[in-house]
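**Q** Chain by chain, the residues run as shown.
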Amino acid sequence: MTEPLLSVENLRTYFHGAAAVAKSVDGVSFVVNAGETVGIVGESGCGKSVTALSILRLIQPPGRIESGSRILFEGKDLVSLDDAGMRHVRGNRISMIFQEPMSALNPVFTVGDQVAEVARVHGTGSRKDAWNRAVEMLTLTGIPSPGERAKQYPHQLSGGMRQRVLIAMALMMNPALVIADEPTTALDVTIQAQILELLLDLQKRLGTSILMITHDLGVVAETATRVLVMYGGEIVEEASVRTLFDAAHHPYTEGLMNAMPQISDSRERLNVIPGTVPPPTAWPTGCRFRDRCPYSWERCEREHPPLYQISEGHTSRCHLAVEPERRAHPHLPLVEQTGAIL
Amino acid sequence: MTEPLLQVRNLRKVFPITKGVFARKVGEVRAVHDVSFDIMPGETLSLVGESGCGKTTTGRAILRLIEPTSGEVKFAGRDVLSMNASELRALRREMQIIFQDPVSSLNPRMTVGTAIREGITIHKLAEGAEADRRVGRLLDEVGLRKEYANKYPHEFSGGQRQRIGIARALAVEPKFIVCDEPVSALDVSVQAQVINLLRDLQKERGLTYLFIAHDLSVVKHMSDRVAVMYLGKIVELARGEDLYREPTMPYTQALLSAVPVADPTLEKQRILLEGDVPSPADPPSGCVFHPRCHHPAKDAACSKIDPPLEEKAPAHLAACIKQPPTVITWQEQQQAGGVNPPVKYFPVVEQLTRQSTETPQGAI
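Chains A and B are the protein sequences, given in the same order. Our numbering puts the first residue of the first sequence at 469, with every later residue one more than the last. Our numbering puts the first residue of the second sequence at 39, with every later residue one more than the last.
Bear in mind the hints are in silico, worked out from the structure with no lab data behind them. Model, not experiment: these values are computed from the prediction. Note that CB positions come from ideal geometry on N, CA and C, so glycine has one too. Among these hints, one or two may not hold up.
[As the list claims (entries may be wrong)] Derived contacts from chain B toward chain A, CB cut-off under 8 Å, selection only: (1) F75; (2) I160; (3) G197; (4) S222; (5) V228; (6) A230; (7) Q231; (8) R283; (9) L293; (10) V299; (11) D301; (12) P302; (13) Q307; (14) P346; (15) L347.
[To be verified] Partial list, computed: chain B residues near chain A (C-beta under 8 Å): (16) S195; (17) A296; (18) R308.
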């Protein structure tokens, strides 16, 4: 097997507040291979976006990537790379597509200028070349009459159009990896379908790897080949997309799938995961999901579960891996037993 | 047959576009255009559509939080649009709204208890200890602890705040609630809790909902009937199961097929719409959807004739002159430049493929 393109090893990103330390990302390891789409799924506060920002070293104080974390990319450790080296990586080898296209674009420059700027910063060719390349990229992303559109300002474009501009910017330097942080969350469903189709099509043509960060299991199912499920700053399950949807192992993944309203089912009531995600300043001891878990037992409180191997390429951070018989006896989750509130 | 609780007829809302210091009117936005529907007591009608389709404006115009331009709204037989301020205040006891964003809809300086009590006091439903008891009961009913009455909104998570919003709406014991995207801002696991809560409350209290949402899968779980809006108009209205099984208006078909499905084994046959929703300040002539339509019989007549919302199957209304049956005769269509006679068009969207493989009909 060839070297993975990106290898994140024991990434820990903590935010040092005055009163407490928020362990937003707490020991995350994964790889992204060349040409692959990896999905990271989880709810607000699970650490998925902080993971993405850490890879690009966009964490601002009081946030800090803790020592011992390694992010290996094209033979370099991004954690210890100097600023000049990092500038060469950002937007050039790794680029990012943000959720909210309006706030990611500068309102006082034309979109063509902003796309062309990527090429100028990374020092290839003249101003004119950069502009021509920008128009070419806008064409590639399916913007109608790209020559005209390039001269317009962000407010003159629709949301879907702006997201196409961001994609053009991200792909300008033909990066090896694109991190897409909820790229379609702010868009309407018919526009979302257009943008996802576009991303996958461009990936096929350009051979870029994509790290797709989303809360939507539907988006993951349609785009990713491998999925990481995050909860409480950790990866709790990793599997191929097929395996995850066929045979989810971790109770959180299972709960997430059952809680999701699906257009193709007609259940009267949705299954719920009681309670809410705990704050990153106070993860529960042992298993971080145990309060909300219908299977948890004393071991879960005592012992922080490692990532157990379930099958080839499938891991799960749950003691059920070694005591599978416990799955037969679900109980009410702790938060319901103690009368605490949903 | 029982009377509908709410009757809406030809509701319109036009927002003027103004320019300059004298606010000279230079154009107008047709936010809601001739919207009509009924809601029966105890029923949930959902309004779905994408941003800017007029679904929220419709919800607010019914409550007169926005004054409609014209049309008729009758609530339990009373004409809402002709009411004066005091009549309207009395009516608000019966009609309430739950907003999308639970953060901005709660006053940060008011304790949760005070916020919930406000309605009870205004409508003189109870006072003193009795009012406190009611607040406690309401909190209990929406799954929060009674002690939370003394806390402030910022102390709660998004899901809990939405529960507070629901308790506040319920405080005046309304019959009818407009739920304006009540779960869009919530995470999946919390969203399911709130959806279940809304359904339970409906059963216990016999509530009637107008449920406004853009998420078609959430809508499917909530509604008895669904109305699809596009550019200010209702383009399809049917019982939920019928609409999801046999979407008739080409826009509904595209909308349903665009929903990402959490099943990687499914082969998708997606209808991809071209371009964006046109501006409601300058809506297309004829059928508002015609520039993006994928119906094989689409022709010049679609850009001339405004399609009526008509019955295509029992209790299944859709606005499309190319989906038979239609009251717009073939002669009329030809006069308007039509070259393709109407023909039934039901593209196989992915949800349908799956359902048909699971329940084979007429198996030999």
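**Q** Against each hint, give a clear statement of whether it holds in the structure.
**A** Against the structure, the hints:
no.: 1; hint: F75; result: 22 Å, violated
no.: 2; hint: I160; result: 27 Å, violated
no.: 3; hint: G197; result: 6 Å, holds
no.: 4; hint: S222; result: 11 Å, violated
no.: 5; hint: V228; result: 6 Å, holds
no.: 6; hint: A230; result: 4 Å, holds
no.: 7; hint: Q231; result: 5 Å, holds
no.: 8; hint: R283; result: 10 Å, violated
no.: 9; hint: L293; result: 6 Å, holds
no.: 10; hint: V299; result: 6 Å, holds
no.: 11; hint: D301; result: 6 Å, holds
no.: 12; hint: P302; result: 5 Å, holds
no.: 13; hint: Q307; result: 12 Å, violated
no.: 14; hint: P346; result: 24 Å, violated
no.: 15; hint: L347; result: 21 Å, violated
no.: 16; hint: S195; result: 5 Å, holds
no.: 17; hint: A296; result: 4 Å, holds
no.: 18; hint: R308; result: 6 Å, holds
In summary, the numbered hints that this structure violates are 1, 2, 4, 8, 13, 14 and 15.
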